[in-house]
Amino acid sequence: MDTQEKLLEMEHITKKFPGVVALRDVQFALRRGEIHALLGENGAGKSTLIKVLTGVFERDGGDIFLEGRAVSPQSPQAAQNMGISTVYQEVNLCPNLSVAENVYIGREPGSAGRIDWKTINRKAAELLSRFDLHIDVTQNLDRYSVAVQQMVAIARAVDISAKVLILDEPTSSLTAVEVRKLFEIMRMLKARGMGIIFVTHFLDQVYEVSDTITVLRGGEYVCSSPTAELPKMQLVARMIGKEYEDLESRPSSSLADRGKRDLFLRLQGAASAQISHVDIDIQKGEVLGFSGLLGSGRSEIARLIFGVDPIVTGGLEIGGRKTAVKEPITAMRAGIGFCPENRKSEGIVGELSVRENIMLALQAKQGMLRAMSRRQSEKLADEYIEALSIKTPSREQSIHNLSGGNQQKVILARWLATAPDLLMLDEPTRGIDIGTKAEIQKLVTKLAGEGMSLVFISSEVDEMVRCCGRMVILRDKKLVGELTGEEISEDMIVKYMAGGEQFEPKTETIQ
Amino acid sequence: MSGAIQKKPGNRNISLLITTLLFFVLFGAGSLAYDRFFSLSTFLNLFNDNAYLIIVAIGVTFVLLTGGIDISVASTLAFTCVFSAHLLRLGVPPVVVIPLVLLIGLGVGLLMGYLIQTFHLQPFIVTLAGQFFMRGFCAVISTNSIPITDTFYKYMALGKVSIGKGKLYYYVFFALVVLAAAYYTLRFTRFGRGVYAVGGSEQSAVLMGLPVTRIKIAVYAISGFCAALAGVVFSFYTLAGYSLQNMGLEMDAISSAVIGGTLLSGGVGSVIGTTFGALIQGVIQTIVTYQNLNTWWTKVTIAALLCVFIVIQRGIALRAERRKSG
Amino acid sequence: MSQKLRQFSKNQIFWPLMVLLAILLANGIVSGGSFFEMRIVDGHLYGRLIDILRNGSKLMVLAIGITMALATGGTDISVGSVMAISGAVACSIVDGRLLPGASGNVAVAVVLALLAGVLCGLWNGVLIAKVKIQPIVATMILMVAGRGIAQLITEGKIVTINSDAYYFINGGYILGLPFPLFIVAFAFVLVMLFTRKTAFGLFIEAIGVNSVSSRFTGIKVDRIKLMIYTFSGLMAAVAGLIESAGIKGADCNNAGLLIELDAILSVAIGGTSLFGGRFSIPASVIGALIIQSISTSVLAMGVAPEVTLVVKSLIVVVICLVQSKKFKETIAGKFSRRAVKEA
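Protein chains in written order, with numbering that gives the first Met the number 0: chain A, 0 to 510; chain B, 0 to 325; chain C, 0 to 342.
Please keep in mind that the hints were generated in silico from the structure rather than gathered at the bench.
A virtual CB, placed ideally from N, CA and C, is assigned to each residue, including glycine.
Treat the hints with care, since some could be wrong.
[Claimed, not checked] Per label pair, the in silico range of CB-to-CB distance: (1) A:D131 <-> B:S30: 50 to 56 Å; (2) A:E89 <-> B:P210: 19 to 25 Å; (3) C:K129 <-> A:A77: 44 to 50 Å.
[Stated by the list, open to error] Result set (EDC-like, lysine to aspartate or glutamate): computed pairs, CA atoms no more than 16 Å apart in a straight line: (4) A:K476 <-> A:D278; (5) A:K325 <-> C:D221; (6) A:K441 <-> A:D461; (7) A:K494 <-> A:E481; (8) C:K324 <-> A:E350; (9) A:K122 <-> A:D135; (10) A:K477 <-> A:D278; (11) A:K494 <-> A:D203; (12) A:K231 <-> A:E489; (13) C:K219 <-> A:E326; (14) A:K231 <-> A:E207; (15) A:K122 <-> A:E107; (16) A:K5 <-> A:E66; (17) C:K9 <-> A:E395; (18) C:K129 <-> A:E326.
Generate coordinates for the entire structure from the input sequences, incorporating the hints supplied.
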């Protein structure tokens, strides 16, 4: 790579948060006229890297060079002034202002403090027409689709003389046609010599539009390669932490299928606001894995079953009976428990004690009027603190003072206390130390042995292989495959996750 | 993404339209029901009797547009009246008194804005403290009504221009000037557009590099200043200062803004709408008087309107949310 | 023993109680001891302290009602208006202008007044829990409308009534103690039982800390909010009865005027965060007594009662700052910077 061509270079970037190193010695280089995909799973450090680059976070080490000059943006504003602009997934414009105003706010043309609306509207219309966007710029932004809003955001960013344009998950809420439109614009900007950083979790899109790929994992740099030279399989392997050579058809361990079991739960053509056409059976005493990359729909199914995003159409049968699950408590009464993915915002109740956090679900299930006595709840808490070896100074400690792993164990205890028939764990081991991870994996196996059904969701494939007896694989919110017992191997999972002709969705329903 | 540019009224224009329409419908209804109602003088009296409310409500609109709330304005107004009356009685000339009380209003607003913004305190609670503070200080000065006998104030109280059969008092022009200035500020200055941007999405406003902190403090200062100015107008209107004056006026001001189409979550609203909101309250009051009804029907009607507008706003917000997730 | 004391000092109730004692003590010293004097006349206890308890009873009842709304991170600013409605309903019935058939029947009056309070609270609750309007805005509607509704019930007049049975609600004595204290005690015990003996209290705190997580654990967040606001309305109605019995009539303009702010302040002084979370009903009751003591002290000094507003406003600001994370950080930052400079 010629130094002349290099637009942006980041070297040895390190960023620490209390107790965690979010980025460790990460490098990244962007050339002029390049679309560069930045990829990685949850917690890989993509968004931290971008926040360091745009001045949201201050870095703890490393250098950033823009056109060869060392820079240290202190705020998104400062970064923008240097020529680094970001367009986020959640469009960061003001929905209540007109399209034109959104393009020019903060830098309105005018004289003597009087804003010249005519000029703004005219210039905005001109600018947007260059993006092939012919809309009434005097209308409020929120009258237009997310796609249009995104284009407006890009137009604004480019107009403020962006050299580097960062697109953070821009395609998540766009239709196929809109995505194609966005790609056209990206290619147009690329032809003008702009460098574009493209963050996404849709691998097909990466191969369609990007020139170069950089992969991060666990806060570290993994590799950087021209897109054409990195096959999809290898890419997925790198993202989930397996060197391609390591992937072998390893049969799953002790959890091979023990023959046909009784059915516990059946989803037929179920759809929520987030996902549609889900057909899944869950049997008693099995560990069923939902595999797929972030955004593949793996969490959405669990949320649908638990009534967080209630079913709109289709059917849900639990224990052979049709059940309408409109809110979590209904699912709980039907014997289901759910540890959500976002431990902090959806799991723990921060200022309450470990004891209260453990008793909460059981108490809700029993009903408000049948309160547990203090002694009962203490006994319950002590039992689980011991059984799961939760490290806490006392059961009365506030849960937010505990480490992530111990918080997770408390949430597990909360659900185990309700003695569920089906327990769904979404990323139960994320951000947790190795020791606790192993404990949780062991617990999953043990619970299944005792006859509980489990749904296990994780970004880490080896963990999935270790834990699951059966697995469905999702891609782009569709079920694309199913593996049972000995079929389960990292190799096969990665093949399905990456997609390919023989791994496209089957037409018949997956059972 | 069609090439044709269509002119459709946006949401904000629709709600302004509804408010304006509501005003004229009410005025028309009054005119049909009662003789002597339909006249220029009835119309102008709406301004004469509500000038101070218009000024307060315009100030509060700035705060509401950013998504905040200010419930201190009635007390600031009362304090202005009492303090002015007190100083005038001591012989301080109006040329000193008026700038001084305006400055106090501005200062109190500034202080509250500073506390809210710097320490992330709830606007409701901080302006509640401001309300207590100003009302308390009224009582410290005097708990009795202090009459104003100053010649300038008397001149302002009685001075009026005749328009046809109606008359418009001089102090109404304060309200009109405030309205014009506020309209210009919100429409044609960077600060004004910043106010809308902050209310629309504070996070976006920060990322777009707008001076969010300054804007959020400034709106409380404006609100305080307007409340003090309304106090000056109110002392022209009543020629007295009394510590329990205008209890609950803050709610009338907020109601005016909401009925005028201001979203309490911020970002949407206009001072024209607010003015019509205040005038609607005036019309309801007038009708209630004509009908010889208990004046409390005014409050109940206004609250009912308020409720309807808030529920409609909520419905619009819900629809927007659904559209986003769907 | 000292272990127990130390534990108590960490209780939410500790500091409010100390403040209350300090205020009372200061009053005692200033008055030369007469503040604490009690007399027994006709078997009834009289004295300053009893006055504080009796006059503070409305506020205590309101504080009990509103604490839970604040603990879920909401608020209820309609309580003053609901008080006016309740007083208007009760007095109009006792007076006979409403329901002439039940004229003078105090029991009917009280029951219907309480029912009116429940309806008001239910209205607030539906707007907040079902329509999902922010609590301040939702309760503002009734705050504006309430006094008007009360006026319409009394046909715009100040209703004065003549009923010893009704006066008893405020002025009566049982066992030598003022009757309102028994009302407070009854409400207090009822709420304590309900929040402690059922999981209601736990659920409220969970919602106040993290309502999303709470929903994920199966708590019916909407239903609990509905109950809380309904209860707040009921307590406001009780306070309205006490007030109207005290002034022997219904004054819709002034009944419970600005008292919603005192109620919120009582809860805040009691240490319940206005952002929601942990709450303590006893601490709120003590908070209400603190407010009442300040008012009584200011009155005793011969200063206009409105001056207490200035004192209260300063207390509000201090409490808010103390609860503000940002303020703590700023202070901590200043100190650590100073420490660095000195080092």
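Tested hints:
1. For the hinted restraint 50 to 56 Å between D131 of chain A and S30 of chain B, the CB-CB distance of approximately 54 Å keeps it satisfied.
2. Judged by the Cβ atoms, the range 19 to 25 Å given for E89 of chain A and P210 of chain B holds: they are separated by roughly 22 Å.
3. Between K129 of chain C and A77 of chain A the C-beta distance comes to about 46 Å, which sits within the given range of 44 to 50 Å.
4. The suggested pairing of K476 of chain A with D278 of chain A holds, with an alpha-carbon distance near 12 Å, which does not exceed 16 Å.
5. Distance check on the hinted pair: K325 of chain A and D221 of chain C sit about 13 Å apart at the alpha-carbon level, within 16 Å; holds.
6. A threshold of 16 Å between alpha carbons decides the hint, and for K441 of chain A with D461 of chain A the separation of about 14 Å falls inside it, so the pair holds.
7. Our distance criterion of 16 Å between C-alpha atoms is met by K494 of chain A and E481 of chain A, whose separation comes to about 12 Å.
8. Our distance criterion of 16 Å between C-alpha atoms is met by K324 of chain C and E350 of chain A, whose separation comes to about 14 Å.
9. For the hint pairing K122 of chain A with D135 of chain A, the CA-to-CA distance comes to about 12 Å; that is within 16 Å, so the pair holds.
10. For a cut-off of 16 Å, the pair hint linking K477 of chain A to D278 of chain A stands: about 10 Å separates their Cα positions.
11. Between K494 of chain A and D203 of chain A the alpha-carbon distance is near 14 Å, which keeps this suggested pair within the 16 Å criterion.
12. Proposed proximity of K231 of chain A and E489 of chain A is supported: the alpha carbons are some 15 Å apart, at most 16 Å.
13. For the hint pairing K219 of chain C with E326 of chain A, the CA-to-CA distance comes to about 9 Å; that is within 16 Å, so the pair holds.
14. Restraint check: the Cα-Cα separation between K231 of chain A and E207 of chain A comes to about 12 Å, which is no more than 16 Å; the hinted pair holds.
15. Distance restraint check for K122 of chain A and E107 of chain A: the Cα-Cα separation of roughly 11 Å lies within the 16 Å cut-off, and the hinted pair is therefore satisfied.
16. Note on K5 of chain A and E66 of chain A: the hinted pairing holds, with a Cα-Cα distance of about 7 Å set against a maximum of 16 Å.
17. Between K9 of chain C and E395 of chain A, the direct Cα distance comes to roughly 14 Å. Compliance with the 16 Å bound is thereby established for this hinted pair.
18. The hinted pair formed by K129 of chain C and E326 of chain A meets the criterion: a straight-line CA distance of about 15 Å does not exceed 16 Å.
In the structure shown, no violation is registered for any of the earlier numbered hints.
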